[in-house]
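All chains, full assembly: derive it from the sequences and hints.
In the UniProt record's numbering, the protein residues as written are 1 to 103.
All the given hints hold, so there is nothing to weed out.
Derived lysine to any residue pairs resembling SDA-like cross-links, with alpha carbons at most 20 Å apart:
id: 1; residue 1: Lys85; residue 2: Glu19
id: 2; residue 1: Lys30; residue 2: Glu75
id: 3; residue 1: Lys42; residue 2: Arg7
id: 4; residue 1: Lys42; residue 2: Met5
DEER-style ranges, computed between Cβ atoms:
id: 5; residue 1: Gly48; residue 2: Glu71; range: 33 to 43 Å
id: 6; residue 1: Phe73; residue 2: Leu51; range: 22 to 32 Å
id: 7; residue 1: Glu61; residue 2: Pro91; range: 13 to 23 Å
id: 8; residue 1: Val21; residue 2: Ile102; range: 26 to 36 Å
id: 9; residue 1: Gln9; residue 2: Phe73; range: 16 to 26 Å
id: 10; residue 1: His90; residue 2: Gly48; range: 15 to 25 Å
id: 11; residue 1: His101; residue 2: Ser54; range: 16 to 26 Å
id: 12; residue 1: Met1; residue 2: Gly48; range: 33 to 43 Å
Hint data in this document are derived by calculation from the structure and do not stem from the laboratory. Just so you know, even glycine gets a beta-carbon here, dropped at the ideal spot from N, CA and C.
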Amino acid sequence: MYLAMNRFQVPVENADDFEQVWLNRDSQLKELDGFVEFHMLKGAEVDGTRLYASHTVWETEEHFIAWTRSEQFREAHRRAPDAKKLHSGHPKFEGFAAIQHIA
Numbered sequence: 001m002y003l004a005m006n007r008f009q010v011p012v013e014n015a016d017d018f019e020q021v022w023l024n025r026d027s028q029l030k031e032l033d034g035f036v037e038f039h040m041l042k043g044a045e046v047d048g049t050r051l052y053a054s055h056t057v058w059e060t061e062e063h064f065i066a067w068t069r070s071e072q073f074r075e076a077h078r079r080a081p082d083a084k085k086l087h088s089g090h091p092k093f094e095g096f097a098a099i100q101h102i103a
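So this is what it looks like as structure tokens:
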């Protein structure tokens with residue numbers, strides 16, 4: 001299992017618009033080999049900023065890399081410049097390979 005996560009710092013005045021961008025997007029993740037699940041997580045508000053994290057699980061890191069090179073990835077991120085003004089700075093990417101899984 002490989003977990004790919006982006007963290008976003010969103011000024012609270014932009015939080016509703018930021019959420020709408022994600023909730024109304026046309027996701028094509030289910031079309032991709034190795035895709036397991038996606039979550040958009042909403043975190044705490046601290047000092048006028050709300051933390052969000054997109055959390056995607058893939059069967060392997062290779063499946064994730066294939067996603068980043070796909071037409072579906074380019075299509076999904078085509079509107080990213082429009083949404084960029086809604087969050088502060090750049091999203092922070094973190095990738096993790098599973099070393100243990102208990103279900």
